[in-house]
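Just need the whole structure built from these sequences, with the hints factored in.
Number of protein chains: 2
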Amino acid sequence: MQNGTSKLDGINKIPVPHTPVFNLASWASSLTFADLPSEVVGRTKSFYLDWLASAAAGRNHVSVASMVNLTKTQGPMTGKCEIVGFSDLTTSPIFAALVNGASSHVVEQDDLHNSSMMHPATVVFPAALAVAQRVGAHGKDFITACVVGYEFACRFGERLGKSHYSKFHTTATAGIVGAAAAASYLLHHDAATMLSAVGTAGTQAAGLWQFLLDATHSKQVHTAKAASDGVLSAYLADSGLLGPHEILEGKRGMVATLSSGQDSNPSIVDKDLGYQWSVMGSSFKWHASCRHTHPSVDALLSLMEAEGVKAQDISDIEAHTYKSAIEILSLSEKADTVHQSKFSMGFVLAVAAHRGSAKITDFTEEALFEPELRQFQKRVRMVLDEKIENAFPEKWLGKVVVVTKTGQKFEKEVEVVKGDPGWTLTSEELEAKFLSLADYGKINDTPKLSETIERVWHLEDQENMLGYAF
Amino acid sequence: MQNGTSKLDGINKIPVPHTPVFNLASWASSLTFADLPSEVVGRTKSFYLDWLASAAAGRNHVSVASMVNLTKTQGPMTGKCEIVGFSDLTTSPIFAALVNGASSHVVEQDDLHNSSMMHPATVVFPAALAVAQRVGAHGKDFITACVVGYEFACRFGERLGKSHYSKFHTTATAGIVGAAAAASYLLHHDAATMLSAVGTAGTQAAGLWQFLLDATHSKQVHTAKAASDGVLSAYLADSGLLGPHEILEGKRGMVATLSSGQDSNPSIVDKDLGYQWSVMGSSFKWHASCRHTHPSVDALLSLMEAEGVKAQDISDIEAHTYKSAIEILSLSEKADTVHQSKFSMGFVLAVAAHRGSAKITDFTEEALFEPELRQFQKRVRMVLDEKIENAFPEKWLGKVVVVTKTGQKFEKEVEVVKGDPGWTLTSEELEAKFLSLADYGKINDTPKLSETIERVWHLEDQENMLGYAF
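Protein chains in written order, with full-length UniProt numbering: chain A, 1 to 470; chain B, 1 to 470.
Calculated from the structure, these hints are not laboratory results. These numbers were taken from a predicted model, which means no experiment stands behind them. One thing to keep in mind: the hints can contain errors.
Chain copies aren't distinguished; within one or between two, either way the pair holds.
Under the rule of at most 27 Å between Cα atoms (straight-line distance), these lysine-lysine pairs were calculated in the DSSO-like manner [unchecked claim]:
hint, residue 1, residue 2
1, 334, 251
2, 251, 167
3, 323, 167
4, 378, 251
5, 251, 162
6, 405, 140
7, 378, 323
8, 271, 162
9, 271, 72
10, 323, 334
11, 387, 162
12, 80, 448
13, 334, 167
14, 442, 395
15, 310, 271
16, 418, 387
17, 359, 412
18, 399, 418
19, 399, 359
Here is the structure:
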C-alpha cells in the first residue's frame, strides 16, 4: 500500500444493497429505445418541444443573463453543448445544463408531474440534451435517457411526498436525481455507477421556498443547479467517485432527513417498471400561472361561461383546494411582482375573470397596477377542502364557489384541467404554444421554428441532437 | 414595458429588512484590514497554513482526481486560479474552489470551529483564494475576506445548531454561506449584494450524513460544492441575480426548514461583531480522526501515561461523550474502511492505545486488519454523559472510564484538547504539521515549502495571492 489513502479506500468491500432504487437503476441502465411503447416516445417528444418553448420564452430573464455571464467568464467558451436562444455560444455540459435549466423555468409554462408535485422537463431535458450533444448521442438514446430521467425524478418526488414538498422545492431536490440518471444513462453507466451518480446527486438535494416570499430568483437557481449538478454527479461517478448506496431510504438519507417518510412507501420507487411510465403522468401547462391555481381557473372560467356571470358581477369567490396549494400560494398572495402574481390565487383568478384567460401575455407589470384586478383579488379566499385534500397529489381537483353582487351563488368543480394526462394538448395546440412562447422570447425565425417542430416530431430518426439553440 | 419579464421584475419594490444577517452583511462589507486585531490576523494566517497542509495531504484522493478530471474536461484550462498540488493547472474560480474544497477535507486534519460544529477552513479558504487570485487581491484583503467568511459560516452554523447538525453536514450547509460571503467581500459588494450572494448560497444548502454509513465520497463532494457554489453565488449576485432577503430566519428559510430553531436565537448572528471573532474560536486538529473522538483520545492517552496502563492491560473502556458524537460516530462504528476508521470511537481509541498517537500515518489499510486493534475496538462503548451534553457545543468535553484485566478502574476527564483555542498549537507545531502533511501528499520540495511558510507568516505584505499550487 502507498503512504496515503488508496484509490478505493476499501469501499469496494461494502456490498451494494438491492434496494428499490438499485432495482430502478438496474432497469434503467439496461433500458433501450426498443423497450419504449410508442405513446411513451410520442409523449417524450411532445414534452421536449414544450420544454424548448419554455426555454425560448425565458431566455431574456435576468437569472439567465447572469448564468450566461458566468459561462462566458468561468466556463469554457468552446464545446459541443448549446444554449437555447444563444446560437453564438457553445460550452461544456455542466454550463449548458445550468443556463437551459434556468431559462426553461422562468415563464411558468413547463410541465408538471402531478403525483410527484414536480416539474420534470426543466431539469431532465437540460441535462440530457447537454450530455447527448457532448457524446454525440442518437435521437433514440436521447429519448430513452429522458424517459429514465423522468422515472428517477418523478419516483423520487412521489416517495418524498407532501411533507417534503411543504419544505422543499421538489423540482430541485428530486430533479437533481433525475438529471443525474439521464446523464448517467447517456454515459452508458452500469447500475452500480448510476447508483453512485444518483447518490452524489441526492446528497446535494436542496431548494427552499423562501424566495417566494420576496420574489427573488432562486426558482431559476434551483432548476439550473439541479440540472447542472445532476450532470456533474454523473461525470464524477464516471471517473470513480462513489455516491452513497442508499441515498433515498438509508438511515441518514433523503426520506429520513428531508421528509416525514409517511406520505408513501419505498416500493413506489420500483413499482410497475416498464408498465407505468412517468412521462405519461405529467401534464402540459396551459395557463401561465402556478399549476396549483389551474383547477380554480378552469372551474371559474367554466362557471362564468355556463352561468353568464361576468367579472364585475362577482362579489366573492371561494377557491376550494388542497393544503399544499394553500401553503405555497400563501407565500406570494400579495403579488408584488409579475412572478409573484402568477403564484397568487387571488390575482390569477382576477386575471382569468377579466381576460377570459391566464396566458403568458396576461401577466404584465401593467396588470399589477390595474385597480379592478386588485379589487377582485381581495374577493378571493382559498378554502381547504377535505375531499380535494384526500385526492391530492394523485388528483389535482378544484372547486370554486361564486357569490354575485345580486346574491346569487354558483359552484363548479373540476376533476381534470386542460393539459392533464386525461385532457392532453393536441399536436396543433403544442405547436401553437411553441410558436407563441418563442415569440414571447423574441425568436421569430419562422422557417427555423417550423423546421424545429418537424425535427422534434421525428426525433427518433435524428443522427445527433445538435441544432436546438435557434 | 417590454413584452416579457422586465429586468428586475418589480423586486426592487420589496424592501430589504434589517435582520441580524443584514447587520452582519453591513458590518462585513465595510470591514477593512485595519479593523482586525493582530491576534485575529495571526490566527487567520495560521489557519491558512494549516489549510494548505490539508489540501496538500489530500491531493491524491480519488475524489480530487475526479474533480481535476471534471475541470480538465468541462472547465476552462486557463485562468488565474490555482489548484493546490497541481502546479501545471490553472482555471476559473468555481473550478479551483471545487478541487481545493475537496482536497482539504480528505485527511481529517483541517480545523474545527467548536460552537458551530463545522470546519470553516475547507470551505472558506478555497473560495477566498480562488477569487483573490482572479481579482488580483492583496494579502490584506484576502485575510479580511477569510475573516468575513469565518464569521458567516460559524455564525450560521451556531444559529442552525445541534438539531441541524444531527441531520445535515453543517460544514457544507453553513459553509456555502461562508464561502459566498468571502467571495462577495473580494468582489467589493455592498451589503445588499452580499445579502443576495448569501441568500442564493443558503437556498442551495445541502449535505446528508448518509455517506458515513457506506464510506463513500460525499464528504469531499460537500466541501467542494460548498466552496464552489459559494463562489458561484457571489458571481451570480455580481451580475444582478437576487437571492432571498431572509434566507436564515424567513418563514421558509434555513432555520425554519433545516433545524428546530430551538438551539440558539437569531441574535447570535450579529452579536459582538468586531469583538468576538470566529477565527479565535476555531481549533486546530492534532489527531487525524473525527474531532468528536479527540477528547476521548486525549483523556485515554493521559490516563494511560499517568497510571502506567498499557493497551493490552485494558478490558473495557467507556467513552463518555455528548449526543452529537454518538449520533455521528455510530454511523461508522464498524470501521470497514480507512475513512470510516477515523469515525469509529472504538477503532480510534484502539489506535491511540496501541500507537500512543492518532496521526495521519496511524490510519492505514493494514491497520484495519490488525487483530489486536479489532479486539480492542470491541471493548469500547460510547456513553451519553449529561454534564458533557449540557456543555456541548460551547465546550467539547470528554471522559474515559477504563477497567483493566486485573479489575482496576481509572477515569480521566479532559476540558481542553490539544489544538483547542485554550491550548493552541505553536508556530513550530504548525510548521511541523504542514511539512508532515505535505510529505504525506508527496510534496517534497523543501525550499519551496519553507518559502511558503515564510510567505504565509508575512501574508499581509503580499501584493497578490498567487503561487500556492506547489
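Now for the hints, and whether the structure bears them out:
1. In the homo-oligomer, the alpha carbons of residue 334 and residue 251 lie at most 27 Å apart only across protomers (15 Å), although the nearest pairing inside one protomer, at 40 Å, exceeds that limit.
2. Within a single copy, residue 251 and residue 167 get their C-alpha atoms as close as 20 Å, and across copies as close as 10 Å, so both meet the 27 Å cut-off.
3. Taking the closest pair of Cα atoms, residue 323 and residue 167 come within 27 Å of each other both inside a single copy (13 Å) and across two copies (26 Å).
4. For the identical chains of this complex, residue 378 and residue 251 are inter-copy neighbours only, at 23 Å across copies versus 46 Å inside a copy, given an alpha-carbon limit of 27 Å.
5. Proximity of residue 251 to residue 162 under the C-alpha cut-off of 27 Å is found in both arrangements, the shortest distances being 20 Å within a copy and 18 Å between copies.
6. Proximity of residue 405 to residue 140 under the C-alpha cut-off of 27 Å is found in neither arrangement, the shortest distances being 57 Å within a copy and 69 Å between copies.
7. In the homo-oligomer, the alpha carbons of residue 378 and residue 323 lie at most 27 Å apart inside one protomer (20 Å), although the nearest pairing across protomers, at 50 Å, exceeds that limit.
8. Proximity of residue 271 to residue 162 under the C-alpha cut-off of 27 Å is restricted to the intra-copy arrangement: shortest distance 19 Å within a copy versus 37 Å between copies.
9. Proximity of residue 271 to residue 72 under the C-alpha cut-off of 27 Å is found in neither arrangement, the shortest distances being 43 Å within a copy and 40 Å between copies.
10. In this homomeric assembly, residue 323 and residue 334 come within 27 Å of each other (Cα to Cα) only inside a single copy, at 19 Å, whereas the closest approach across copies is 44 Å.
11. For a Cα distance limit of 27 Å, the shortest separation of residue 387 from residue 162 inside one copy, 16 Å, qualifies, whereas the shortest one across copies, 39 Å, does not.
12. Taking the shortest alpha-carbon separations for residue 80 and residue 448, only the intra-copy value of 20 Å comes in at or below 27 Å, while the best inter-copy value is 40 Å.
13. In the homo-oligomer, the alpha carbons of residue 334 and residue 167 lie at most 27 Å apart inside one protomer (20 Å), although the nearest pairing across protomers, at 34 Å, exceeds that limit.
14. For the homomeric pair residue 442 and residue 395, neither the shortest alpha-carbon distance inside one copy (36 Å) nor that between copies (60 Å) is at most 27 Å.
15. Taking CA atoms no more than 27 Å apart as the test, residue 310 paired with residue 271 passes in neither setting, with 47 Å inside one copy and 57 Å between copies.
16. Taking CA atoms no more than 27 Å apart as the test, residue 418 paired with residue 387 passes inside one copy only; the shortest distance there is 21 Å, against 62 Å between copies.
17. Taking CA atoms no more than 27 Å apart as the test, residue 359 paired with residue 412 passes inside one copy only; the shortest distance there is 21 Å, against 72 Å between copies.
18. With identical chains, the CA atoms of residue 399 and residue 418 are at most 27 Å apart within one copy only, with a shortest distance of 15 Å there and 66 Å across copies.
19. In this homomeric assembly, residue 399 and residue 359 come within 27 Å of each other (Cα to Cα) only inside a single copy, at 21 Å, whereas the closest approach across copies is 67 Å.
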